[in-house]
Amino acid sequence: MADIKKLAIIASKGTLDWAYPPFILASAAAAMDMEAVLFFTFYGLPLLKKEIDLKVTPVGNPAMPMKMPFGSKEFQGFNWPIPNIISGNVPGFDTMATMLMKETFKKKGVATIEQLREMCQESGVRFIACQMTMDVFGFERKDFIDGVEYGGAAMFLEYAADANMSLFI
Amino acid sequence: MADIKKLAIIASKGTLDWAYPPFILASAAAAMDMEAVLFFTFYGLPLLKKEIDLKVTPVGNPAMPMKMPFGSKEFQGFNWPIPNIISGNVPGFDTMATMLMKETFKKKGVATIEQLREMCQESGVRFIACQMTMDVFGFERKDFIDGVEYGGAAMFLEYAADANMSLFI
Amino acid sequence: MADIKKLAIIASKGTLDWAYPPFILASAAAAMDMEAVLFFTFYGLPLLKKEIDLKVTPVGNPAMPMKMPFGSKEFQGFNWPIPNIISGNVPGFDTMATMLMKETFKKKGVATIEQLREMCQESGVRFIACQMTMDVFGFERKDFIDGVEYGGAAMFLEYAADANMSLFI
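Residue numbers (this note's numbering), protein chains in the order written: chain E, 1 to 169; chain W, 170 to 338; chain H, 339 to 507.
I should point out that these hints are in silico values taken from the structure, not numbers from a laboratory. Even glycine gets a Cβ: it sits at the ideal position worked out from N, Cα and C. Hints should not be assumed to be uniformly reliable.
Each pair of labels, with its calculated beta carbon distance range [stated by the list, open to error]:
1. E:GLU118 - W:GLN300: 16 to 26 Å
2. W:LYS277 - E:GLU114: 42 to 52 Å
3. H:GLY490 - E:LYS50: 42 to 52 Å
4. E:ASP53 - H:ILE390: 49 to 59 Å
5. H:ILE390 - E:GLU51: 32 to 42 Å
6. W:GLY321 - H:LYS387: 35 to 45 Å
7. W:ASP202 - H:ASP341: 37 to 47 Å
8. E:GLU114 - H:MET370: 41 to 51 Å
9. E:TYR150 - H:GLY490: 44 to 54 Å
10. H:ILE483 - W:GLN300: 24 to 34 Å
11. H:GLY447 - W:ASP222: 22 to 32 Å
12. E:GLU118 - H:GLU487: 30 to 40 Å
13. W:GLU272 - H:MET437: 47 to 57 Å
14. W:GLY321 - H:GLU460: 14 to 24 Å
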């Protein structure tokens, strides 16, 4: 009881891929009876929206594998090399990349961001939205799901200073 | 007195947007009577330059909201969807995106990077420049502001090992 | 003996530039008689491949300096401003950028990723591959070097909860 481990995470990114790590780590921590706080700021704020509509792009990330979620095992295993010249210029490419990633995750049995987020809330993970960046980036409390706390960097630091792990994602 | 909390941050990114978190967190920590060290390495080194000239681009970051810092409240609240095909191809787009972000921050009363940096130094936040990457990326001590310490990964690790929070930004 | 410092790192990125920080920090920690664990997940998994083939692109990162690794000192010191319109559209630009970065690092005496990785393993740094994302991103154990452990987020959190530093890179 005296030694409950604590995890403090700053979720600062809002693309489909980088939305996963905060929710995966926090829900895993909760499943291990740890305490977890997610502080959403900057591009991470959209992760709190009622209707999540995240995108992903391989542009600028040559490490992103492009997989096809259908066809034979070999075809699915192939890693399509998409240079920026294609991904940055073909209209609708990001929409396709987003669709393909969602489909791949679904086929592999990975939960959606919405499901992971719900899992977090049900297991007691605290969500804090950064009040200052909400105003800068144009978000309002009514845009967000219920059960969110509001605060600033100080609120995060106060928690993190006594946590066992702090991560900036 | 015996329990001053310590924050150790690696600032590795040098775009206008990612320049904010290290300075915001460090100055907030200092305001809470915590100790803070910022270790600048890789793309984060330009944050120490006398003349800061940071840019930002929505290319490769579909989560970046594009806002107009003028016009009616509704117009300002609108989030312009800019696909890579536009942002990556219209000449001067990044310059415009940078100008728009600076203007939005200013209108919202957010301090500039220069102001936040000064605030950090005045409140005792330590700045360490990574000697090894300075050489690799072509920076010299004379490019940087006064009051910077110079060291390597070992210097950061020694501090961070006894800190309460460590963040890689 | 009772107070060996511990470093826990999540390596989530797989481009040539972001491959450096995890290996540099872990090898530096090991050289300081600290314990270090690298947990590879998401785009960081390719860093464990037998044959490493990492790329880098300035697209989407206006903070990346483009240097020429040849010619006079002044010529080498010049920072080429490459807008996305060029870097995203000239065929083979990323291949060139990758070649230039590798050459610059080599000239400056920086070890290659392969060398740093070997140094880590020789000095006892533990490598853990994220089993869940391996499956999602299509990696198999036979693709990876020897000496890798396999586990999930829980395995990382268990270690990190008792570590002195945890970093998400």
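Using the beta carbons of LYS277 of chain W and GLU114 of chain E, state whether their distance is inside 42 to 52 Å or not.
-> Cβ of LYS277 of chain W to Cβ of GLU114 of chain E: about 30 Å, so the range 42 to 52 Å is violated.
Cβ separation of GLY321 of chain W and GLU460 of chain H, checked against the hinted range 14 to 24 Å = holds (20 Å)
Okay, TYR150 of chain E versus GLY490 of chain H on CB: inside 44 to 54 Å?
-> Between TYR150 of chain E and GLY490 of chain H, where Cβ atoms are some 32 Å apart, the hint is violated.
So does GLU118 of chain E sit 16 to 26 Å from GLN300 of chain W, Cβ to Cβ?
-> Check failed, 47 Å falls outside 16 to 26 Å.
So does GLY490 of chain H sit 42 to 52 Å from LYS50 of chain E, Cβ to Cβ?
-> violated (30 Å)
Given the range 49 to 59 Å, decide if the beta-carbon distance of ASP53 of chain E to ILE390 of chain H lies inside it.
-> Violated - the Cβ-Cβ distance for ASP53 of chain E and ILE390 of chain H, about 35 Å, lies outside 49 to 59 Å.
GLU118 of chain E versus GLU487 of chain H beta-carbon gap, inside 30 to 40 Å or not | Because 31 Å falls inside the window, the suggested range holds.
Could you check the hint for me, namely that ILE390 of chain H and GLU51 of chain E are 32 to 42 Å apart, CB to CB?
-> Between ILE390 of chain H and GLU51 of chain E, where Cβ atoms are some 40 Å apart, the hint holds.
Mind checking the hinted window 24 to 34 Å against the Cβ distance between ILE483 of chain H and GLN300 of chain W?
-> holds (30 Å)
Falls inside 47 to 57 Å, the C-beta gap from GLU272 of chain W to MET437 of chain H?
-> violated (38 Å)
Range hint compliance [Cβ, GLY321 of chain W to LYS387 of chain H, 35 to 45 Å] | Cβ of GLY321 of chain W to Cβ of LYS387 of chain H: about 28 Å, so the range 35 to 45 Å is violated.
Between ASP202 of chain W and ASP341 of chain H, is the Cβ distance one that fits in 37 to 47 Å?
-> Between ASP202 of chain W and ASP341 of chain H, where Cβ atoms are some 26 Å apart, the hint is violated.
Consistency note: the structure conflicts with the earlier hints numbered 1, 2, 3, 4, 6, 7, 9 and 13.
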